[in-house]
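Number of protein chains: 2
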Amino acid sequence: MTSTSPLRVALAGLGTVGAGVIKLLDVNGELIARRAGRPIEIVAVSARDRAKDRGVDIARFDWVDDTAALAHRADADVVVELIGGSDGPALTLARATLAGGKGLVTANKAMMAHHGLELAEAAEAANAALKFEAAVAGGVPVIKGLREGAAANEIGRVYGILNGTCNFILTKMEAEGRDFADVLAEAQALGFAEADPSFDIDGVDASHKLSILASLAFGTRPAFDDVATGGIRHVLAADIAEAATLGYRIRLVGIAEAGPKGLFQRVHPHLVPLSHPLAHVSGALNAVVAEGNFVGRLLFQGAGAGDGPTASAVVADLIDIARDEFGPPYAMPAAQLTVLPPADSGERRGRAYLRFMVADRVGVLAEIAAAMRDAGVSIESLMQRGASADGSVLVAIVTHEGPERAVAQALEKLRGSQSLAGEPLWMHILG
Amino acid sequence: MTSTSPLRVALAGLGTVGAGVIKLLDVNGELIARRAGRPIEIVAVSARDRAKDRGVDIARFDWVDDTAALAHRADADVVVELIGGSDGPALTLARATLAGGKGLVTANKAMMAHHGLELAEAAEAANAALKFEAAVAGGVPVIKGLREGAAANEIGRVYGILNGTCNFILTKMEAEGRDFADVLAEAQALGFAEADPSFDIDGVDASHKLSILASLAFGTRPAFDDVATGGIRHVLAADIAEAATLGYRIRLVGIAEAGPKGLFQRVHPHLVPLSHPLAHVSGALNAVVAEGNFVGRLLFQGAGAGDGPTASAVVADLIDIARDEFGPPYAMPAAQLTVLPPADSGERRGRAYLRFMVADRVGVLAEIAAAMRDAGVSIESLMQRGASADGSVLVAIVTHEGPERAVAQALEKLRGSQSLAGEPLWMHILG
Numbered sequence: 001m002t003s004t005s006p007l008r009v010a011l012a013g014l015g016t017v018g019a020g021v022i023k024l025l026d027v028n029g030e031l032i033a034r035r036a037g038r039p040i041e042i043v044a045v046s047a048r049d050r051a052k053d054r055g056v057d058i059a060r061f062d063w064v065d066d067t068a069a070l071a072h073r074a075d076a077d078v079v080v081e082l083i084g085g086s087d088g089p090a091l092t093l094a095r096a097t098l099a100g101g102k103g104l105v106t107a108n109k110a111m112m113a114h115h116g117l118e119l120a121e122a123a124e125a126a127n128a129a130l131k132f133e134a135a136v137a138g139g140v141p142v143i144k145g146l147r148e149g150a151a152a153n154e155i156g157r158v159y160g161i162l163n164g165t166c167n168f169i170l171t172k173m174e175a176e177g178r179d180f181a182d183v184l185a186e187a188q189a190l191g192f193a194e195a196d197p198s199f200d201i202d203g204v205d206a207s208h209k210l211s212i213l214a215s216l217a218f219g220t221r222p223a224f225d226d227v228a229t230g231g232i233r234h235v236l237a238a239d240i241a242e243a244a245t246l247g248y249r250i251r252l253v254g255i256a257e258a259g260p261k262g263l264f265q266r267v268h269p270h271l272v273p274l275s276h277p278l279a280h281v282s283g284a285l286n287a288v289v290a291e292g293n294f295v296g297r298l299l300f301q302g303a304g305a306g307d308g309p310t311a312s313a314v315v316a317d318l319i320d321i322a323r324d325e326f327g328p329p330y331a332m333p334a335a336q337l338t339v340l341p342p343a344d345s346g347e348r349r350g351r352a353y354l355r356f357m358v359a360d361r362v363g364v365l366a367e368i369a370a371a372m373r374d375a376g377v378s379i380e381s382l383m384q385r386g387a388s389a390d391g392s393v394l395v396a397i398v399t400h401e402g403p404e405r406a407v408a409q410a411l412e413k414l415r416g417s418q419s420l421a422g423e424p425l426w427m428h429i430l431g
Numbered sequence: 432m433t434s435t436s437p438l439r440v441a442l443a444g445l446g447t448v449g450a451g452v453i454k455l456l457d458v459n460g461e462l463i464a465r466r467a468g469r470p471i472e473i474v475a476v477s478a479r480d481r482a483k484d485r486g487v488d489i490a491r492f493d494w495v496d497d498t499a500a501l502a503h504r505a506d507a508d509v510v511v512e513l514i515g516g517s518d519g520p521a522l523t524l525a526r527a528t529l530a531g532g533k534g535l536v537t538a539n540k541a542m543m544a545h546h547g548l549e550l551a552e553a554a555e556a557a558n559a560a561l562k563f564e565a566a567v568a569g570g571v572p573v574i575k576g577l578r579e580g581a582a583a584n585e586i587g588r589v590y591g592i593l594n595g596t597c598n599f600i601l602t603k604m605e606a607e608g609r610d611f612a613d614v615l616a617e618a619q620a621l622g623f624a625e626a627d628p629s630f631d632i633d634g635v636d637a638s639h640k641l642s643i644l645a646s647l648a649f650g651t652r653p654a655f656d657d658v659a660t661g662g663i664r665h666v667l668a669a670d671i672a673e674a675a676t677l678g679y680r681i682r683l684v685g686i687a688e689a690g691p692k693g694l695f696q697r698v699h700p701h702l703v704p705l706s707h708p709l710a711h712v713s714g715a716l717n718a719v720v721a722e723g724n725f726v727g728r729l730l731f732q733g734a735g736a737g738d739g740p741t742a743s744a745v746v747a748d749l750i751d752i753a754r755d756e757f758g759p760p761y762a763m764p765a766a767q768l769t770v771l772p773p774a775d776s777g778e779r780r781g782r783a784y785l786r787f788m789v790a791d792r793v794g795v796l797a798e799i800a801a802a803m804r805d806a807g808v809s810i811e812s813l814m815q816r817g818a819s820a821d822g823s824v825l826v827a828i829v830t831h832e833g834p835e836r837a838v839a840q841a842l843e844k845l846r847g848s849q850s851l852a853g854e855p856l857w858m859h860i861l862g
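Chains as they are written, first to last, in this note's numbering: chain A, 1 to 431; chain B, 432 to 862.
Quick caveat, the hints were computed from the structure, so don't treat them as lab data.
It should be emphasised that the depicted structure is a prediction, and the values quoted were computed from it without experimental measurement.
For glycine and all other residues, C-beta sits at the position ideal for the given N, C-alpha and C.
Misleading hints may appear alongside valid ones.
[Said to hold, decoys possible] Each computed EDC-like pair below joins lysine to aspartate or glutamate, with the alpha-carbon atoms no more than 20 angstroms apart:
| id | chain 1 | residue 1 | chain 2 | residue 2 |
| --- | --- | --- | --- | --- |
| 1 | B | Lys483 | B | Glu722 |
| 2 | A | Lys23 | B | Glu722 |
| 3 | B | Lys454 | A | Glu154 |
| 4 | A | Lys23 | B | Asp738 |
| 5 | B | Lys454 | A | Glu291 |
[To be verified] So the derived label-pair ranges between C-beta atoms look like this:
| id | chain 1 | residue 1 | chain 2 | residue 2 | range |
| --- | --- | --- | --- | --- | --- |
| 6 | B | Ala530 | A | Val27 | 56 to 66 angstroms |
| 7 | B | Gly678 | A | Ala389 | 33 to 43 angstroms |
| 8 | A | Ala195 | B | Gly781 | 38 to 48 angstroms |
| 9 | A | Gln336 | B | Gly446 | 29 to 39 angstroms |
| 10 | A | Asp62 | B | Thr769 | 51 to 61 angstroms |
| 11 | B | Arg792 | A | Leu236 | 35 to 45 angstroms |
| 12 | B | Arg846 | A | Leu236 | 52 to 62 angstroms |
| 13 | B | Arg491 | A | Gln336 | 51 to 61 angstroms |
| 14 | A | Ala99 | B | Ser434 | 40 to 50 angstroms |
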């Protein structure tokens, strides 16, 4: 029998999401109590700076200086961890919370990617909840979608647009024909990108999320270290334009597949055909596709970040706990999660987009074409665009379907060539 | 403490979905047992014709001639109802199952639309599960998405593409420039549309689903009788072409809104702007959008019908029951569901597409324009296309935003006019 007394929450971290959770419970509290069967009440909060104005009244909650002490409060049933960071105070609090038998709700993708298995084991040992809907795709209930909605399926592939900052930048580059650095600077000025944007634009954040999704989808142990991670730093406005002429849009796609050859996980900019729903995911939205052996292709889409959406996911987890509806964090007991070896990307087959900036002189195209031929890469189309201000010429190639190893060999062969101005860009075409 | 003994299922109805459930449990049974914490086993089945070849072995299950008797089997924990029909044997079985304290899983949208409240009350009285994920949008976990994923939000609007047959027909008309009757005949030949297609193409099926979604989204009692229901029978290839020139696609959209003026529910063909994700939902797919006050716009998309996807949703419900994770069917106790009066559509403001087939003679445009002016309808654009084989001319108008009452008045004024060949078509523009 589920309790009807309030679910008492200790909240660690009062950034925009923490303030969002307080605001959400203020505004929707009565409705939530009806849906959850009992009220959800914050009893204590902790953050670095007590005096900071967060736009919400925190004077009514117990203030705790020592965040780790939240784990031991007798008047709290659940701790919400919104501190962030894979280790440090967040991990200390998470461990202590679960060890003490309290439930933990976290939005911390880095912590879950690095320590999810350990935390799941601790939660199961204590019969406590560990929930992390907000760690992936913000407000979009994709953890629930995989863990429960698609639970009847063997899932072969899960992929999606997992970083709103990158998608914002790419769609703005696309809409306005501007280059990466220019749009990034604007995004930073607007607060859509961090002062140090590397975590987002180099794909690390998306890789954290992908490793969590893969674990849930395939019943495998989280394997963040095996994600091949790339970002969008080297995508040019010219690449976006070339892709558009071919019927594609460029998106940073995280993709995970489980199969007889192991577990494949990659975050990389992809050319997405206009016929695919991910091509129509614009701005800071996130979207996740899961392919199940009975349900076919499921798509979940919505706001991937922001205080309101993220708070929505945090409180959805709290409602599940209030309803006493939580099981093993990864849907099945952590001890049953399997270990798959990382799959060799070289054996993957697909189509590739290759872009070279080359010197404008005789023989360059022949050199590139010869490298492709020698590696057995079959060219579907090749475009050369006239010289830019610095005299370099853009050559964009789309290959026929073939093994990635061949493309890697062709690029290796061209490495250090005097004909090339800078590194070639290799993007995959979403099939 | 949840049991680890098998969840025992009695299955009523062995059409394609029933056979799909058996097949799914055969193929994914081991995986499901790990995720659910215990096996899910069919113990008995019932259908009209025992001898029919369904492509699955049913000899291993107890055969029961009297479907209603499944409710009373001591060896079953849950009954899965896949008979269909709002009343008759399905309802008899559902009532008896819940009265006896067993869980019920159903894919029956008509029964839930008409009798959902009564069944929810019975389930709550018996502390039994009543789950119906498969009743809306096939394999897409949208019931779960609203009931749990978006549970922290006040939802203002829920809408979507809820009938795969209509979407299949509309997108085929769009792709091939063909007219409705022609494509319907092909869809029937291919088995995508019923011999009597009225339930689908006149919007009744989508209205059933919309009323279920509205109840979950708004915490209101199901109010199927208040859904304003329209279908796609009168949409011409020419309408689709006109919409395309304006940047829209035509979709049958079910839309529900709750507000101070009451509960608005309508199923009707809409012009959907290309910038909206529903414009990119093609073929037999379904998609549902929910707008929450914190999460913003959530989109769920996938296969809306078919044996595999629907079986996926049925078994997802069974997994929830096996995990002992079910609460009140409508998220909150049925006694707390509110009753909202139906909202007056006349007070709604929006933009409209109006298409007239008119006689090719002097003064017709003036007559239409005068009717619009007199009713206070402001015209944003007007297109007239040359005479067709029968001499009639197509006039398509897009209005500025304004009250629907004014459009209704203008059309009323034109009723019976000798200038019009047939009924005008009024479609709403999704805003």
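Against the structure, the hints:
no., hint, in the structure
1, B:Lys483 <-> B:Glu722, "violated (45 angstroms)"
2, A:Lys23 <-> B:Glu722, "holds (18 angstroms)"
3, B:Lys454 <-> A:Glu154, "holds (13 angstroms)"
4, A:Lys23 <-> B:Asp738, "violated (43 angstroms)"
5, B:Lys454 <-> A:Glu291, "holds (18 angstroms)"
6, B:Ala530 <-> A:Val27: 56 to 66 angstroms, "violated (40 angstroms)"
7, B:Gly678 <-> A:Ala389: 33 to 43 angstroms, "holds (36 angstroms)"
8, A:Ala195 <-> B:Gly781: 38 to 48 angstroms, "holds (43 angstroms)"
9, A:Gln336 <-> B:Gly446: 29 to 39 angstroms, "holds (34 angstroms)"
10, A:Asp62 <-> B:Thr769: 51 to 61 angstroms, "violated (35 angstroms)"
11, B:Arg792 <-> A:Leu236: 35 to 45 angstroms, "violated (58 angstroms)"
12, B:Arg846 <-> A:Leu236: 52 to 62 angstroms, "holds (59 angstroms)"
13, B:Arg491 <-> A:Gln336: 51 to 61 angstroms, "violated (27 angstroms)"
14, A:Ala99 <-> B:Ser434: 40 to 50 angstroms, "violated (28 angstroms)"
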